Amino acid sequence: MAGKRKKKRPPRRKKGERPPPPAKKLPTTQKKGEKAPEDEERTVEVGPGQEPEPVIVLDEPAVEAGEADAGEEDEKEEDDGRLSKGMFRSRKLLRRPFSRMATRRAIDPEFWNDAEEALIAADTGVECAVEIVERARGRILREGIRDIDGLKGAFRTEVAEMLRSFGDLPEPSDSKPRVLFIVGVNGVGKTTTAAKIGYLMKNRGEKVLFAAADTFRAAGIEQMEMWADRLGIPVVRHKTGGDPAAVVFDAVESAGARGIDVLLVDTAGRLHTKKNLMEELGKMWRVADRNVPGTPEAILVIDATTGQNGIIQARVFGEALDVGSIALTKMDGSARGGVVMAIGKEIGIPVAFIGMGEGMSDLRPFDPEEYAQALF
Amino acid sequence: MFEGLGDRLQGVFAKLRGKGKLSEKDIDAAMREIRLVLLEADVNFKVVKMFTDRIRTRASGEEVTKSVTPAQQVVKIVFDEMTDILGGSSKALNFAAHPPSVLMLVGLQGSGKTTAAAKLAVMLRRKGREPMLVAADVYRPAAVEQLQILGAQIDIPVAYFKHKSASKIVEKAVEEASRSGRDVVILDTAGRLHIDEEMMQELVDIKGSVSPCETLLVVDAMTGQDAVNVALAFREKLDFDGILITKMDGDARGGAALSMKTVTGKPIKLASVGEKMDDLEEFHPDRVASRILGMGDIVSLVEKAEQTITEERARKLEEKLRKHKFDFNDFLEQMQQIKQMGGLEKVMEMVPGMGSISRAQGMGMDERHLGRIEAIIQSMTPEERENAQILNASRRKRIARGSGTSTQDVNQLVKQFTQMQKMMKQLTGKGGMGMLKKLFPF
Ligand SMILES: Nc1nc2c(ncn2[C@@H]2O[C@H](COP(=O)(O)OP(=O)(O)OP(=O)(O)O)[C@@H](O)[C@H]2O)c(=O)[nH]1
Ligand SMILES: [Mg+2]
Chain A
1 MAGKRKKKRP
11 PRRKKGERPP
21 PPAKKLPTTQ
31 KKGEKAPEDE
41 ERTVEVGPGQ
51 EPEPVIVLDE
61 PAVEAGEADA
71 GEEDEKEEDD
81 GRLSKGMFRS
91 RKLLRRPFSR
101 MATRRAIDPE
111 FWNDAEEALI
121 AADTGVECAV
131 EIVERARGRI
141 LREGIRDIDG
151 LKGAFRTEVA
161 EMLRSFGDLP
171 EPSDSKPRVL
181 FIVGVNGVGK
191 TTTAAKIGYL
201 MKNRGEKVLF
211 AAADTFRAAG
221 IEQMEMWADR
231 LGIPVVRHKT
241 GGDPAAVVFD
251 AVESAGARGI
261 DVLLVDTAGR
271 LHTKKNLMEE
281 LGKMWRVADR
291 NVPGTPEAIL
301 VIDATTGQNG
311 IIQARVFGEA
321 LDVGSIALTK
331 MDGSARGGVV
341 MAIGKEIGIP
351 VAFIGMGEGM
361 SDLRPFDPEE
371 YAQALF
Chain B
1 MFEGLGDRLQ
11 GVFAKLRGKG
21 KLSEKDIDAA
31 MREIRLVLLE
41 ADVNFKVVKM
51 FTDRIRTRAS
61 GEEVTKSVTP
71 AQQVVKIVFD
81 EMTDILGGSS
91 KALNFAAHPP
101 SVLMLVGLQG
111 SGKTTAAAKL
121 AVMLRRKGRE
131 PMLVAADVYR
141 PAAVEQLQIL
151 GAQIDIPVAY
161 FKHKSASKIV
171 EKAVEEASRS
181 GRDVVILDTA
191 GRLHIDEEMM
201 QELVDIKGSV
211 SPCETLLVVD
221 AMTGQDAVNV
231 ALAFREKLDF
241 DGILITKMDG
251 DARGGAALSM
261 KTVTGKPIKL
271 ASVGEKMDDL
281 EEFHPDRVAS
291 RILGMGDIVS
301 LVEKAEQTIT
311 EERARKLEEK
321 LRKHKFDFND
331 FLEQMQQIKQ
341 MGGLEKVMEM
351 VPGMGSISRA
361 QGMGMDERHL
371 GRIEAIIQSM
381 TPEERENAQI
391 LNASRRKRIA
401 RGSGTSTQDV
411 NQLVKQFTQM
421 QKMMKQLTGK
431 GGMGMLKKLF
441 PF
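Chains as they are written, first to last, in our numbering: chain A, 1 to 376; chain B, 1 to 442.
Everything labelled a hint here was simulated from the structure, so no lab data went into it. In this text, all values refer to a predicted model and were calculated from it rather than measured experimentally. There's no promise every hint is true.
Unchecked claim - With a Cα cut of at most 25 Å, we get these calculated DSS-like pairs of lysine-lysine:
no.: 1; chain 1: B; residue 1: K127; chain 2: B; residue 2: K91
no.: 2; chain 1: B; residue 1: K415; chain 2: B; residue 2: K320
no.: 3; chain 1: B; residue 1: K276; chain 2: A; residue 2: K283
no.: 4; chain 1: B; residue 1: K422; chain 2: B; residue 2: K325
no.: 5; chain 1: B; residue 1: K276; chain 2: A; residue 2: K239
no.: 6; chain 1: B; residue 1: K46; chain 2: A; residue 2: K152
no.: 7; chain 1: B; residue 1: K276; chain 2: A; residue 2: K274
no.: 8; chain 1: B; residue 1: K237; chain 2: B; residue 2: K91
no.: 9; chain 1: B; residue 1: K46; chain 2: B; residue 2: K25
no.: 10; chain 1: B; residue 1: K46; chain 2: B; residue 2: K21
no.: 11; chain 1: B; residue 1: K276; chain 2: A; residue 2: K275
Claimed, not checked - Examples of chain B residues toward chain A, derived with CB under 7 Å:
no.: 12; residue: L39
no.: 13; residue: E40
no.: 14; residue: G112
no.: 15; residue: Q146
no.: 16; residue: I195
no.: 17; residue: E197
no.: 18; residue: G224
no.: 19; residue: N229
no.: 20; residue: A252
Backbone N, C-alpha and C fix where the C-beta goes; we use that ideal spot for every residue, glycine too.
The task is simple: from the sequences and hints, build the whole structure.
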């Protein structure tokens with residue numbers, strides 16, 4: 001639906017389109033005889049074909065630091081950035097391939113395997129993990145990288161590049177008011193995210209209005225109202241059990257009358273498997289679409305702890321209304337939210353925001369570089 | 001939940017079928033595919049490794065007997081290991097010797113504690129207890145209101161006292177329960193991150209002050225790889241007793257559920273499977289394992305049926321299953337009961353082989369389709385119903401004519417039915433009595 005808007009989005013990479021394979025015969029320091037390729041049952045997807053993995057011997061013995069030390073040093077080094085801090089634990093886990101390597105002094109098949117596993121543990125899914133490792137490996141061989149920082153850098157570059165390949169954020173709709181639907185499955189943080197976005201926009205000098213369109217969940221409306229109170233933002237509400245599309249209609253009217261810039265619609269959490277509830281969402285969208293001059297927008301909220309099911313969520317929500325971007329919440333935990341990479345690759349929806357806590361100011365714009373740094 | 005997981009595993013098994021002997025390479029290939037299937041289902045990568053290693057060892061070891069085909073053997077091993085990973089038999093909730101029994105729900109933000117608390121209260125009331133709910137989330141806006149509204153809906157008292165400290169609220173609530181003669185107290189705590197020391201300490205304090213007899217970690221079925229980190233952190237601080245999985249009515253493949261027990265050693269006790277207040281169920285690992293592997297869940301089916309039909313008929317069915325005498329008559333009888341039981345889709349999943357029939361045809365098992373199956377069976381002679389083997393071409397033609405269906409329809413039904421019987425036999429084959437017990441633990 002809403003096909004007209006789809007055009008705005010930059011071209012996405014076609015699904016299944018593979019990255020250029022890493023150049024195969026590059027001069028590297030591989031010494032085949034020195035270290036026999038690991039037993040064959042190791043993950044073979046990593047390398048192109050089944051050729052023996054090149055073993056890269058490091059220039060010089062890497063830092064004689066244990067894993068713990070590496071972790072601490074890292075904390076000191078980067079805990080000024082909040083994203084890095086929140087994701088500190090996850091980075092420690094992900095950094096394992098690098099710390100291990102420090103004791104190994106060579107990148108062998110085990111290393112690539114570890115890297116792949118680390119990415120899988122971040123919920124990127126197997127396909128993305130394999131692709132990132134493959135690309136990083138290509139880069140490392142091509143550029144003859146042989147130090148830890150360089151290796152890290154290669155992985156970061158690939159992660160960031162992949163994230164950017166999902167397309168730019170959609171241009172803000174020129175509608176007045178803009179209508180922003182906040183959607184997602186139950187409990188991911190929709191109401192909180194609506195509040196946080198409201199806070200952000202209000203601080204930017206925009207006139208914001210909330211629509212408490214979660215008329216289903218017990219105290220869903222009250223929760224939105226409490227946030228509205230706290231933020232000094234007006235809210236349009238009906239009774240619990242009412243028609244959410246009617247709330248949207250009233251809110252749009254009210255927004256017009258009050259000269260509101262942005263209408264934030266908090267919707268009820270719903271599993272994407274519930275057809276009727278997804279249709280309800282479509283209806284709400286159409287009500288807004290018919291009654292504002294421009295087109296509405298929708299942000300899909302994905303909880304960082306979500307596994308591969310996030311892909312289906314994004315697909316089905318994207319069919320119900322035009323999801324332009326993702327807000328990735330709960331990134332202050334130990335989950336890494338890697339599923340946004342799988343979503344981006346499959347469906348091409350970029351991440352707009354990340355949620356870093358339960359307070360109104362715990363929302364920041366998503367930055368692929370920063371995310372990549374926090375991962376590796 | 002667990003959707004597609006069974007199909008994908010069946011796909012792996014199918015490739016092994018027809019092989020007289022499994023080479024190292026066959027097993028390797030199968031394990032690689034199983035690894036991928038499980039990882040895509042969000043099973044924790046460490047658990048996947050352990051799982052495939054164990055299956056590999058068993059499959060290539062001496063355990064392979066001559067009485068069954070290697071493929072059957074692999075299915076059996078996977079089933080065993082899957083059941084094991086899920087936690088063996090089902091585990092009941094703990095209750096205190098002296099009431100009130102305090103049950104505490106803990107978990108991450110948004111995992112579904114509040115709704116689960118209300119559902120748990122309804123479940124326990126159904127079992128003759130008199131629960132009381134306690135709103136101990138003093139942080140999230142309108143969290144208390146949410147529980148109060150739910151309590152009013154299900155007509156179960158909700159205790160709440162205005163106080164900054166959750167453990168104070170809880171203490172008072174337990175006193176209140178004793179006074180008013182409530183025998184179960186269910187604590188709904190605030191969602192929190194497992195890495196938030198202060199908030200975790202709050203739970204430790206609550207636990208210390210009212211000593212719950214059962215602490216349940218509430219986990220969203222859609223959780224990915226981090227589920228085990230969360231569970232381990234909660235275990236370290238709280239040593240919870242069991243796990244409650246929520247949002248099982250989605251289409252997540254359920255890897256988190258599959259990993260939890262193995263990693264934490266704590267059993268999954270309850271599962272929330274729908275929006276309605278009585279959609280909380282006990283978790284039966286063995287049944288779930290057989291459902292995942294596409295072998296259906298006859299046990300749950302029988303139990304469901306018991307609610308609609310007489311116990312005697314259910315016992316008859318169970319007896320037949322045990323003796324491999326499940327025939328078209330039973331099949332038909334089940335069909336008819338299904339109609340009364342409603343929730344067709346849910347029921348279908350539980351009939352061995354049926355899930356894949358409906359999926360293979362690219363459509364949900366609708367009433368019309370069911371009517372067709374019914375008509376086909378009704379056009380069979382009593383003999384034919386008891387013995388599918390005598391259904392030769394001319395008989396099939398006659399049945400098709402009699403039922404107003406096509407021979408293909410008849411063929412397909414017979415094929416599926418035979419497969420289903422085979423599947424049941426497989427489970428009860430040589431030395432498989434233990435398996436049988438697991439599947440039909442009456
Ligand atoms: N730690 C952390 N908690 C968050 C974040 N965002 C939301 N939460 C918490 O997650 C819980 C659920 O948030 P809600 O905003 O109510 O989620 P929702 O999607 O609106 O939930 P439903 O409307 O019930 O589907 C609350 O306890 C929030 O405080 C975040 O970025 N970090
Ligand atoms: Mg909400």
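Here's how the hints hold up against the structure:
| no. | hint | result |
| --- | --- | --- |
| 1 | K127(B) <-> K91(B) | 16 Å, holds |
| 2 | K415(B) <-> K320(B) | 20 Å, holds |
| 3 | K276(B) <-> K283(A) | 24 Å, holds |
| 4 | K422(B) <-> K325(B) | 11 Å, holds |
| 5 | K276(B) <-> K239(A) | 20 Å, holds |
| 6 | K46(B) <-> K152(A) | 23 Å, holds |
| 7 | K276(B) <-> K274(A) | 13 Å, holds |
| 8 | K237(B) <-> K91(B) | 22 Å, holds |
| 9 | K46(B) <-> K25(B) | 23 Å, holds |
| 10 | K46(B) <-> K21(B) | 29 Å, violated |
| 11 | K276(B) <-> K275(A) | 16 Å, holds |
| 12 | L39 | 5 Å, holds |
| 13 | E40 | 6 Å, holds |
| 14 | G112 | 6 Å, holds |
| 15 | Q146 | 4 Å, holds |
| 16 | I195 | 6 Å, holds |
| 17 | E197 | 13 Å, violated |
| 18 | G224 | 3 Å, holds |
| 19 | N229 | 5 Å, holds |
| 20 | A252 | 4 Å, holds |
Going down the numbered hints, you'll see the structure goes against 10, 17, while the others check out.
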